[in-house]
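Asks: Going line by line, the protein sequences match chains A and B. Position one of the first sequence corresponds to residue 0 (numbering that gives the first Met the number 0), numbered consecutively onward. Position one of the second sequence corresponds to residue 0 (numbering that gives the first Met the number 0), numbered consecutively onward.
Be a bit skeptical, because a hint or two may be false.
What the hints assert, rightly or not - Here are the simulated PhoX-like pairs of lysine-lysine, each with C-alpha atoms no more than 20 Å apart in a straight line:
id : chain 1 : residue 1 : chain 2 : residue 2
1  : A       : Lys171    : A       : Lys208
2  : B       : Lys84     : B       : Lys129
3  : B       : Lys441    : A       : Lys129
4  : B       : Lys313    : A       : Lys129
5  : B       : Lys397    : A       : Lys129
6  : A       : Lys118    : B       : Lys363
7  : B       : Lys261    : B       : Lys313
8  : B       : Lys397    : A       : Lys100
9  : B       : Lys227    : B       : Lys261
10 : B       : Lys367    : A       : Lys129
Claimed, not checked - Interface residues of chain B toward chain A, partial, derived using beta-carbon atoms under 7 Å:
id : residue
11 : Ala356
12 : Leu412
13 : Gln415
14 : Leu439
15 : Val442
16 : Lys444
17 : Asp464
18 : Cys467
Stated by the list, open to error - Covered by chain B, according to a simulated footprint, are these stretches of chain A (three or more residues, beta-carbon under 8 Å):
id : region
19 : 65-76
20 : 218-231
Just so you know, the hints here were simulated from the structure itself, not pulled from any lab data. The beta carbon of each residue, even a glycine, is placed where N, CA and C say it ideally should be.
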Amino acid sequence: MEQIATKTEIFNQLQQEILRLQGLSKPTTGSAIRTGLGPVEAACPGGVFPMAAVHEFLSYQKEHAAATNGFISGILGRLMLSGGSCLWIGNKRTIFPAAMKIFGLEPDRIIFLDLEREKDVLWATEEALKCEGLAAVVSELSELSFTESRRLQLAVEQSHVTGFIHRYYPRKENTVACVSRWRILPLASEMDSNLPGIGFPRWNVELRKIKNGRPGTWQFEWSDTGFRHLSTAIPVAISQKVSQTG
Amino acid sequence: MQSRYLVIWFPHLLTDRFAIRQPELRSVPFVLIAPVRGRMVIQAACPRAERQGVFTGMVAADARAICPELRVLHHKPEVGEKLLKALALWCIRYTPVASVDQPDGLVLDISGCTHLWGGERAYLEDLLSKLSAGGYNTRAAIADTIGAAWAACRYGACSMIIEPGRQMETLLSLPPAALRLEQPTLQRMHKLGMHEIRSFIQMSRSVLRRRFGDLLLTRLNQALGAEKEIISPVCPPQPFEERLPCLDPIRTAAGIEIALQKLLQGLCSRLEKESKGLRSCMLRYYRIDGKILQLGIGTSRASRNPEHLFKLLKLKIPEIEPDLGIELFVLEAPIVEPLSAEQEALWNMGSSSNNVAVAQLLDKLMMKLGGSVIRRYLPAEHYWPERSIQPATSLQDKPTTNWRSDLPRPIHLLRQPAPIQVTVPIPDYPPMNFIYEGTLHKVRKADGPERIEREWWIDTSLHRDYYCVEDEDGLRYWLFRLGHYDEGEPKWFIHGFFA
Chain A
0 MEQIATKTEI FNQLQQEILR LQGLSKPTTG SAIRTGLGPV EAACPGGVFP MAAVHEFLSY
60 QKEHAAATNG FISGILGRLM LSGGSCLWIG NKRTIFPAAM KIFGLEPDRI IFLDLEREKD
120 VLWATEEALK CEGLAAVVSE LSELSFTESR RLQLAVEQSH VTGFIHRYYP RKENTVACVS
180 RWRILPLASE MDSNLPGIGF PRWNVELRKI KNGRPGTWQF EWSDTGFRHL STAIPVAISQ
240 KVSQTG
Chain B
0 MQSRYLVIWF PHLLTDRFAI RQPELRSVPF VLIAPVRGRM VIQAACPRAE RQGVFTGMVA
60 ADARAICPEL RVLHHKPEVG EKLLKALALW CIRYTPVASV DQPDGLVLDI SGCTHLWGGE
120 RAYLEDLLSK LSAGGYNTRA AIADTIGAAW AACRYGACSM IIEPGRQMET LLSLPPAALR
180 LEQPTLQRMH KLGMHEIRSF IQMSRSVLRR RFGDLLLTRL NQALGAEKEI ISPVCPPQPF
240 EERLPCLDPI RTAAGIEIAL QKLLQGLCSR LEKESKGLRS CMLRYYRIDG KILQLGIGTS
300 RASRNPEHLF KLLKLKIPEI EPDLGIELFV LEAPIVEPLS AEQEALWNMG SSSNNVAVAQ
360 LLDKLMMKLG GSVIRRYLPA EHYWPERSIQ PATSLQDKPT TNWRSDLPRP IHLLRQPAPI
420 QVTVPIPDYP PMNFIYEGTL HKVRKADGPE RIEREWWIDT SLHRDYYCVE DEDGLRYWLF
480 RLGHYDEGEP KWFIHGFFA
């Protein structure tokens, strides 16, 4: 019995060691921020949403891109609670700042960078991720190679900034060095007690990949108080446009 | 500190210049003429000519009749301006703030300068003796205000130095013209018998304004010191400037970097001593082939951090063309802002949004990508969606009004609303289905309408009735109908996507 206990201890130690080598240091208890994504956080390594890491989001449709940006805004709102500003970098910006207030963000604390070339977006993202003064960086890139993503990951390991890469219609879902890969799809909303009209936004949150965590699919609603996990599953409409042209 | 002004009047500025250039003119009467409406009119007359009764404004032919030995010379209009500017620049040895008072005077701000000459009288005598040795006829006066000095200089009889606070006594006995008034006002005063300032200075202000206009009151206030008068110095002081002459011409990038670091160290330590930070910085370099080139950087907030400024300038080094070599670098900070040491310390430690690290990052991005790409938005008090946000002008701008979260607004807003085809029951129901970019969406749930009028004071056109709709796949859209049904077939548009 004692032998087994020591074995688990050694095993845990080794796992921590590996995490440290991968640049995913375990956050100290004080610095962890509750995103409100209960079961998702539980699936992440250490039971906290990975900060100081780069997350990758994929979307293939305009409506899905909007849902993804809504979901990112919801997380950003929590990250920016303790102050700091956020840089939102993109080349075809569609975000309407006035709507971000709904997701618990102060839109005037977000600095938008509207660039023309994808190359500049990548350069600006890397520079921004190196800056310790920022709370988070959101970058709307479509193509990201493994080498480039590795550079971004190395930058955040130094600066402890959280990065979100939103890839709209990437040519290929290539392997990247990001800590996670997400896919957010909108779900039909529901009003309480069957009233007519549109309710709070609901999303199907698919965590496709997570380093040292357990991937899974959950459904969330953005209510007045933040993310709310939906326990009863709603069927997801299969999108016609999920194409893999390579 | 008590302000003191010196006004110098050159009664014969143009003729003096001719007399200095051509000494033979000193012994003969001469005038300068220029054509006015087809007649040759005298623009300036020398003192000798004036003694014989020839004055400015006369026709040259009349003057010749009065004074047969008169020499007539041609006048070029821009000469006077240039000459005054040159004289003002010469006066910088007496005070740093010298300005031109068109058409024939100079105004010097001599506050705190006179003690170097041992008092105002010695200062004035030194200045005037130098000018008259150069051949100029001058009159000058020192007073607390430009207005009083101007009046005393041109119309005053006695002392040329008005003691502090004694403008009123000086003005009383002078004619109204001493107040720099317009000709019609002066004529009206003359008709009314107001030959001295004392005859109207005690009148009530409202009466004076009604009869003679605002300018009179302004001039009176300026002369008495109740209103500040601003002068524009010929040589604006550039307080933050650093020069680095090089023994050997510099041609390499490494050399330029060392030069920049030296200049920045000097400039930043001076800024630190005076609790200032720079917002823009110009580097001028003098090449040995005689060309002077310059480049500039700007920062999004006041900074005096040499490392940060060096990083910004370093991005510009490839643009420098040393050619045969650079012999002199001049670094100046035309725009500086107050920046206290505590403020700087606060930014470095706190994680507030006013973070110096963020400002430095933005500077770097701006240098590489241009300033127009960085945008931040503040709420504006408009319902019209496109006008409900306004770009912030600086990093420190705070919203003047709250962001609204009570109205549904889409997270993605199209730059231009896109037309859609709809099937819609009238009168004002949401659409049953719509086609956007070739895809049919069947509407399952809808909210609305929310009518948003174009603010009539901004533009007048049709209003929009907005609907939030959700299709069968759970995708949410923001649609609107432009205008009423009774004005023909209204058009439908999609304007955004909800999260």
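Asks: Could you run down the list of hints and mark each one as holding or not?
Replies: Quick rundown of the hints versus the structure:
1. Between Lys171/A and Lys208/A the alpha-carbon distance is near 16 Å, which keeps this suggested pair within the 20 Å criterion.
2. For a cut-off of 20 Å, the pair hint linking Lys84/B to Lys129/B stands: about 17 Å separates their Cα positions.
3. A distance of roughly 46 Å separates the Cα atoms of Lys441/B and Lys129/A; the hinted pair therefore is violated under the 20 Å criterion.
4. For the hint pairing Lys313/B with Lys129/A, the CA-to-CA distance comes to about 19 Å; that is within 20 Å, so the pair holds.
5. For the given pair, Lys397/B sits about 26 Å from Lys129/A by alpha-carbon distance, which is inconsistent with the 20 Å threshold.
6. Taking the CA atoms of Lys118/A and Lys363/B, the gap is about 16 Å. The hint holds against a cut of 20 Å.
7. For the hint linking Lys261/B to Lys313/B, the alpha-carbon distance of about 13 Å falls within 20 Å, and the restraint holds.
8. Taking the CA atoms of Lys397/B and Lys100/A, the gap is near 16 Å; set against the 20 Å cutoff, the hint holds.
9. Straight-line distance between C-alpha atoms of Lys227/B and Lys261/B comes to about 41 Å, which puts the hinted pair past the 20 Å bound.
10. Pair hint Lys367/B plus Lys129/A holds up; C-alpha atoms about 16 Å apart against a cutoff of 20 Å.
11. For Ala356/B, the suggested interface contact is upheld, since its CB lies about 3 Å from the closest CB of chain A, less than 7 Å.
12. Hint on Leu412/B holds. Least Cβ distance to chain A is approximately 4 Å, under the 7 Å limit.
13. Below 7 Å, beta-carbon pairs count as interface contacts, and Gln415/B has none with chain A, the closest being about 11 Å; its hint is therefore violated.
14. This hint is violated: Leu439/B has a C-beta 11 Å from the nearest C-beta of chain A, more than the 7 Å allowed.
15. For Val442/B, the suggested interface contact is broken, since its CB lies about 10 Å from the closest CB of chain A, more than 7 Å.
16. The closest approach between the C-beta of Lys444/B and any C-beta of chain A is roughly 5 Å, which is under the 7 Å cut-off, so the hint is satisfied.
17. Against a cut-off of 7 Å between C-beta atoms, the interface hint on Asp464/B is violated, since the closest Cβ of chain A lies about 16 Å away.
18. Annotation: interface hint on Cys467/B holds; nearest CB of chain A at approximately 5 Å, less than 7 Å.
19. By the rule of at least three residues with a Cβ nearer than 8 Å to a Cβ of chain B, the coverage given for the region 65-76 of chain A holds, with 6 such residues.
20. For the region 218-231 of chain A, the assignment as covered by chain B is violated, since 1 residues bring a beta-carbon within under 8 Å of that chain's beta-carbons and 3 are needed.
Of the numbered hints listed earlier, those contradicted by the structure are 3, 5, 9, 13, 14, 15, 17 and 20.
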